[in-house]
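**Student:** Protein chains in written order, with the working numbering: chain G, 1 to 469; chain E, 1 to 469.
To be clear, the hints were calculated from the coordinates, so they are not data collected in a lab. Take the hints with a grain of salt, since some may be wrong.
Since the list can't tell identical chains apart, any single copy or any two copies may satisfy a pair.
Unchecked claim - Dumping the calculated DSBU-like pairs for lysine-lysine here, alpha-carbon to alpha-carbon at most 35 Å:
hint: 1; residue 1: K437; residue 2: K109
hint: 2; residue 1: K109; residue 2: K126
hint: 3; residue 1: K365; residue 2: K109
hint: 4; residue 1: K433; residue 2: K109
hint: 5; residue 1: K433; residue 2: K68
hint: 6; residue 1: K437; residue 2: K106
hint: 7; residue 1: K365; residue 2: K106
hint: 8; residue 1: K68; residue 2: K126
hint: 9; residue 1: K68; residue 2: K324
hint: 10; residue 1: K324; residue 2: K274
hint: 11; residue 1: K365; residue 2: K337
hint: 12; residue 1: K337; residue 2: K106
hint: 13; residue 1: K365; residue 2: K68
hint: 14; residue 1: K433; residue 2: K365
hint: 15; residue 1: K393; residue 2: K271
hint: 16; residue 1: K433; residue 2: K271
hint: 17; residue 1: K324; residue 2: K227
These numbers were taken from a predicted model, which means no experiment stands behind them.
There are 2 protein chains.
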Amino acid sequence: MIKAVTARAPLPHLDDALTQLRNLLGERISTSAAVRAQHSTGVFLSSNAPPDVVAFAQSTAEVVEIVKICAANAIPIIPFGTGTSVEGHIAAPLGGLSLDVSRMDKVLKVNSDDLDVVVEPGVTRKMLNSHIRDTGLFFPIDPGADASLGGMAATRASGTNAVRYGTMRENTLALQVVTADGRVIRTGGRARKSSAGYDLTHVYVGSEGTLGIITELTLRLYGIPEKTAAAVCSFATLEGAVDTVITTIQAGVPIARIELLDDVQIDILNKHAKFDFPVLNTLFMEFHGTEAGVQEQVEMVQAIASDNGGGNFTWKTQAEERTKLWQARHDATWVDKQAYPGWDVMATDVCIPISRLAEVVTSSKQDAAENGLVAPIVGHVGDGNFHMLVMVKPDDPAYFARVHALNDRLIARALAAGGTCTGEHGIGLGKVKHLYKEHGDSMHVMLAIKQALDPQNIMNPGKIFAHAS
Amino acid sequence: MIKAVTARAPLPHLDDALTQLRNLLGERISTSAAVRAQHSTGVFLSSNAPPDVVAFAQSTAEVVEIVKICAANAIPIIPFGTGTSVEGHIAAPLGGLSLDVSRMDKVLKVNSDDLDVVVEPGVTRKMLNSHIRDTGLFFPIDPGADASLGGMAATRASGTNAVRYGTMRENTLALQVVTADGRVIRTGGRARKSSAGYDLTHVYVGSEGTLGIITELTLRLYGIPEKTAAAVCSFATLEGAVDTVITTIQAGVPIARIELLDDVQIDILNKHAKFDFPVLNTLFMEFHGTEAGVQEQVEMVQAIASDNGGGNFTWKTQAEERTKLWQARHDATWVDKQAYPGWDVMATDVCIPISRLAEVVTSSKQDAAENGLVAPIVGHVGDGNFHMLVMVKPDDPAYFARVHALNDRLIARALAAGGTCTGEHGIGLGKVKHLYKEHGDSMHVMLAIKQALDPQNIMNPGKIFAHAS
Numbered sequence: 001m002i003k004a005v006t007a008r009a010p011l012p013h014l015d016d017a018l019t020q021l022r023n024l025l026g027e028r029i030s031t032s033a034a035v036r037a038q039h040s041t042g043v044f045l046s047s048n049a050p051p052d053v054v055a056f057a058q059s060t061a062e063v064v065e066i067v068k069i070c071a072a073n074a075i076p077i078i079p080f081g082t083g084t085s086v087e088g089h090i091a092a093p094l095g096g097l098s099l100d101v102s103r104m105d106k107v108l109k110v111n112s113d114d115l116d117v118v119v120e121p122g123v124t125r126k127m128l129n130s131h132i133r134d135t136g137l138f139f140p141i142d143p144g145a146d147a148s149l150g151g152m153a154a155t156r157a158s159g160t161n162a163v164r165y166g167t168m169r170e171n172t173l174a175l176q177v178v179t180a181d182g183r184v185i186r187t188g189g190r191a192r193k194s195s196a197g198y199d200l201t202h203v204y205v206g207s208e209g210t211l212g213i214i215t216e217l218t219l220r221l222y223g224i225p226e227k228t229a230a231a232v233c234s235f236a237t238l239e240g241a242v243d244t245v246i247t248t249i250q251a252g253v254p255i256a257r258i259e260l261l262d263d264v265q266i267d268i269l270n271k272h273a274k275f276d277f278p279v280l281n282t283l284f285m286e287f288h289g290t291e292a293g294v295q296e297q298v299e300m301v302q303a304i305a306s307d308n309g310g311g312n313f314t315w316k317t318q319a320e321e322r323t324k325l326w327q328a329r330h331d332a333t334w335v336d337k338q339a340y341p342g343w344d345v346m347a348t349d350v351c352i353p354i355s356r357l358a359e360v361v362t363s364s365k366q367d368a369a370e371n372g373l374v375a376p377i378v379g380h381v382g383d384g385n386f387h388m389l390v391m392v393k394p395d396d397p398a399y400f401a402r403v404h405a406l407n408d409r410l411i412a413r414a415l416a417a418g419g420t421c422t423g424e425h426g427i428g429l430g431k432v433k434h435l436y437k438e439h440g441d442s443m444h445v446m447l448a449i450k451q452a453l454d455p456q457n458i459m460n461p462g463k464i465f466a467h468a469s
Numbered sequence: 001m002i003k004a005v006t007a008r009a010p011l012p013h014l015d016d017a018l019t020q021l022r023n024l025l026g027e028r029i030s031t032s033a034a035v036r037a038q039h040s041t042g043v044f045l046s047s048n049a050p051p052d053v054v055a056f057a058q059s060t061a062e063v064v065e066i067v068k069i070c071a072a073n074a075i076p077i078i079p080f081g082t083g084t085s086v087e088g089h090i091a092a093p094l095g096g097l098s099l100d101v102s103r104m105d106k107v108l109k110v111n112s113d114d115l116d117v118v119v120e121p122g123v124t125r126k127m128l129n130s131h132i133r134d135t136g137l138f139f140p141i142d143p144g145a146d147a148s149l150g151g152m153a154a155t156r157a158s159g160t161n162a163v164r165y166g167t168m169r170e171n172t173l174a175l176q177v178v179t180a181d182g183r184v185i186r187t188g189g190r191a192r193k194s195s196a197g198y199d200l201t202h203v204y205v206g207s208e209g210t211l212g213i214i215t216e217l218t219l220r221l222y223g224i225p226e227k228t229a230a231a232v233c234s235f236a237t238l239e240g241a242v243d244t245v246i247t248t249i250q251a252g253v254p255i256a257r258i259e260l261l262d263d264v265q266i267d268i269l270n271k272h273a274k275f276d277f278p279v280l281n282t283l284f285m286e287f288h289g290t291e292a293g294v295q296e297q298v299e300m301v302q303a304i305a306s307d308n309g310g311g312n313f314t315w316k317t318q319a320e321e322r323t324k325l326w327q328a329r330h331d332a333t334w335v336d337k338q339a340y341p342g343w344d345v346m347a348t349d350v351c352i353p354i355s356r357l358a359e360v361v362t363s364s365k366q367d368a369a370e371n372g373l374v375a376p377i378v379g380h381v382g383d384g385n386f387h388m389l390v391m392v393k394p395d396d397p398a399y400f401a402r403v404h405a406l407n408d409r410l411i412a413r414a415l416a417a418g419g420t421c422t423g424e425h426g427i428g429l430g431k432v433k434h435l436y437k438e439h440g441d442s443m444h445v446m447l448a449i450k451q452a453l454d455p456q457n458i459m460n461p462g463k464i465f466a467h468a469s
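Generate coordinates for the entire structure from the input sequences, incorporating the hints supplied.
**Tutor:** Structural data, given as structure tokens:
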């Protein structure tokens with residue numbers, strides 16, 4: 001959840017910068033209020049912090065020139081892909097330039113033999129999968145939105161397949177980055193492993209635009225499995241559903257997706273998205289492998305589910321049925337918003353060691369109920385990551401405060417259980433105070449890196465660090 | 001391969017530091033020539049750069065005090081685990097203190113339910129697996145030596161299981177680190193994923209002691225597979241063996257180990273380690289999974305091998321036979337040294353995208369032959385990583401130069417193929433020039449991080465960066 005930003009002083013060298021930017025980009029810069037607002041809103045709660053100007057870059061060379069102009073004029077730079085951040089990453093609390101890379105949307109090289117691909121940062125996950133459709137390969141990482149791959153790397157995003165295939169952390173092999181002083185560097189490489197110096201790829205993955213602009217990514221691809229099977233299973237209790245997940249993971253079953261939707265979320269999906277699931281705590285699952293391998297996985301998980309009060313598996317055998325199922329999971333937030341017209345959603349994002357999952361999910365659900373908050377739960381529970389989609393009554397500061405307090409308690413519970421305040425959404429503006437609680441003294445090291453690589457503090461200032469907001 | 005170091009000036013504040021260190025550690029510091037030499041030798045070629053003093057730490061608190069004394073007296077600190085580095089990481093080209101953490105050897109916490117473990121840095125990979133023997137879990141990463149886990153993280157080590165289980169990069173969840181100013185920080189956490197700020201764990205993994213001292217690690221564990229099967233297969237041609245590997249990986253077979261030993265290496269193993277393999281290019285393989293899953297993998301790989309001129313699989317069905325097989329693989333270097341008494345070995349370490357593997361292995365083997373060098377090849381070829389174990393005639397500078405030239409050509413070939421100069425050994429003193437070739441402009445970013453986190457340049461100076469050697 002992001003903070004409102006109060007009025008700020010104008011940037012002293014903005015006019016000079018605008019002149020130079022117009023010379024460079026012509027019509028591809030905009031200072032219109034609508035474009036600026038669209039470039040700072042993100043998903044869920046909107047910010048009051050639009051940038052001063054939006055620039056649409058078409059090449060790495062242009063990004064370099066834009067960064068140099070901004071550096072010379074002390075103009076903050078906020079990278080923008082699709083604007084689907086949920087923690088205010090694209091807001092401009094200190095003003096500045098929104099650097100829209102969505103037109104850098106080419107798939108540059110598909111290396112089928114090596115199972116990797118080189119893309120520009122504005123390529124979205126769906127564009128990529130569409131492009132490689134005929135290769136027999138796919139890119140598994142699927143945040144709810146059709147986010148840009150640059151933005152996904154910047155926030156270390158994941159999604160429903162992470163339990164099997166990992167997150168952007170595991171699947172980003174190499175990057176091209178424009179640094180704060182306008183240098184173009186390459187990190188990592190196409191080899192599957194390397195011990196060659198500092199792991200700069202992982203410095204930039206998750207750095208939320210605060211250290212540089214990602215202008216190219218090399219990503220891992222995977223063979224489309226011979227067999228894919230999806231199933232739905234309802235449970236008598238929340239504990240039964242969660243314990244099924246925990247045992248499945250501990251048993252080493254290579255399940256591809258195992259997602260929890262609680263009874264509240266299922267009820268909303270039934271009423272507002274024309275499903276007819278039993279109104280119970282439910283797992284959506286997907287199995288990838290060979291024909292025999294999938295069969296074996298299914299039998300193991302069916303046995304585990306049955307031991308934990310699960311009902312029969314309902315199979316989604318056709319590709320269209322599976323697409324509909326996962327679309328429902330991805331769209332849960334939007335359906336929740338339909339169910340509460342005019343309300344906003346705040347998505348929590350804790351991730352905890354799985355042994356503590358049942359306890360944290362259960363107590364948090366109880367907490368929401370006791371405090372009269374509507375908070376459907378969905379989650380990538382195989383990773384220990386779940387979201388409470390807390391419905392927020394707009395224009396009611398007291399209600400807002402209650403929602404914040406719920407999230408604070410949830411995060412305190414997650415940290416006490418050895419977890420993290422954010423599994424996949426990032427810090428942005430919204431979780432700065434929680435990051436300091438989670439990482440304590442290591443924030444000094446993060447800040448030292450930030451100051452070393454962006455001494456002028458022009459790269460997405462105000463995000464991640466408290467000092468700069 | 002590491003460079004000889006010429007005479008250097010004594011450290012001006014060494015005596016003050018020694019007095020303070022004796023007060024802190026009593027008998028646990030040593031300035032004896034033998035102990036100092038033992039702490040700078042490493043594996044393979046020895047260095048002429050012993051530290052001035054060796055300190056044996058027993059706790060993080062002691063590491064903090066040692067670092068503070070060294071920082072106050074401008075004494076370089078070289079972390080030391082088991083001394084099995086192959087690139088001169090433990091040498092002291094600028095003098096200073098070897099910080100031996102081998103006595104910090106406790107397994108602090110086994111979290112079986114979450115498949116992770118917390119260890120001190122002096123725990124070795126074999127000690128860890130012995131400690132968790134009864135849990136049904138194992139730690140897969142196995143460099144040839146029984147290295148310390150702290151050292152393995154510091155060099156981003158891997159081994160024969162990396163093709164399935166990843167390297168120290170993928171398997172280090174969290175670290176405790178003492179920074180250059182004596183602060184204790186914690187990076188990462190026990191959650192399986194997190195988007196909480198910069199990924200400091202991956203900043204320290206592979207940093208070779210140049211940014212801080214690792215004093216605690218949280219590592220991933222895996223369930224011991226229901227079924228393990230190991231096999232050996234000989235090939236008519238080197239291309240056939242390598243193409244089998246490439247096709248296996250491209251087909252997505254989750255093979256646990258797939259190691260190449262060329263005909264030269266096999267011949268040496270037969271003659272000096274009492275094996276009787278056909279003297280051909282050979283793959284050692286291991287399959288992990290359920291009974292049915294292993295069967296399926298085996299059938300797939302047998303078919304692929306057969307298509308590529310492979311012979312029948314020779315099975316190692318007993319645990320003892322498997323242990324003997326993998327010990328032979330791990331000990332290849334030592335057997336090579338036995339075969340050439342008095343000679344040294346230089347292990348190359350390139351890693352390349354697998355589509356280019358056959359071409360680079362073949363041309364490198366030819367290069368060695370044409371230049372009259374004995375260079376058996378072993379390799380973690382599933383990752384694209386292979387080693388030429390080049391035999392080096394001692395006390396012969398001209399021979400030494402020929403070996404260096406071979407390695408230079410090999411690395412040039414690897415970089416041209418999109419690979420890296422080091423898959424798992426690290427940079428140390430030996431590969432600094434190659435790192436600069438590989439990473440070009442990104443070295444500025446690495447150096448900026450180094451200077452930000454170690455402004456006095458006391459953390460393992462002379463390693464990774466050219467400026468400080």
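**Student:** Against each hint, give a clear statement of whether it holds in the structure.
**Tutor:** We went through each hint and held it up to the structure:
1. Within a single copy, K437 and K109 get their C-alpha atoms only as close as 42 Å, which misses the 35 Å cut-off; across copies the closest is 23 Å, which meets it.
2. Only within a single protomer do K109 and K126 lie at most 35 Å apart by alpha-carbon distance; the minimum there is 16 Å, versus 42 Å between protomers.
3. Proximity of K365 to K109 under the C-alpha cut-off of 35 Å is restricted to the inter-copy arrangement: shortest distance 30 Å between copies versus 46 Å within a copy.
4. In this assembly of identical chains, K433 and K109 lie within 35 Å of each other by CA distance solely across copies; the values are 29 Å between and 41 Å within a copy.
5. Proximity of K433 to K68 under the C-alpha cut-off of 35 Å is found in both arrangements, the shortest distances being 32 Å within a copy and 30 Å between copies.
6. Within a single copy, K437 and K106 get their C-alpha atoms only as close as 40 Å, which misses the 35 Å cut-off; across copies the closest is 28 Å, which meets it.
7. Taking the closest pair of Cα atoms, K365 and K106 never come within 35 Å of each other, the shortest separation being 43 Å inside a single copy and 39 Å across copies.
8. In this assembly of identical chains, K68 and K126 lie within 35 Å of each other by CA distance solely inside one copy; the values are 32 Å within and 52 Å between copies.
9. Taking the shortest alpha-carbon separations for K68 and K324, neither the intra-copy value of 46 Å nor the inter-copy value of 60 Å comes in at or below 35 Å.
10. Proximity of K324 and K274 under a CA criterion of 35 Å is satisfied intra-copy only: 11 Å inside one chain copy versus 61 Å between copies.
11. In this homomeric assembly, K365 and K337 come within 35 Å of each other (Cα to Cα) only inside a single copy, at 19 Å, whereas the closest approach across copies is 64 Å.
12. When the C-alpha separation of K337 and K106 is checked against a cutoff of 35 Å, the pair qualifies only within one copy, where the shortest distance is 33 Å, while the shortest distance between copies is 52 Å.
13. For the identical chains of this complex, K365 and K68 are neighbours neither inside a copy (49 Å) nor across copies (47 Å), given an alpha-carbon limit of 35 Å.
14. When the C-alpha separation of K433 and K365 is checked against a cutoff of 35 Å, the pair qualifies only within one copy, where the shortest distance is 23 Å, while the shortest distance between copies is 57 Å.
15. Within a single copy, K393 and K271 get their C-alpha atoms as close as 20 Å, which meets the 35 Å cut-off; across copies the closest is 79 Å, which misses it.
16. When the C-alpha separation of K433 and K271 is checked against a cutoff of 35 Å, the pair qualifies neither within a copy, at 37 Å, nor between copies, at 65 Å.
17. Only within a single protomer do K324 and K227 lie at most 35 Å apart by alpha-carbon distance; the minimum there is 18 Å, versus 37 Å between protomers.
The structure fails to meet hints 7, 9, 13 and 16 from the earlier list, while all remaining hints are met.
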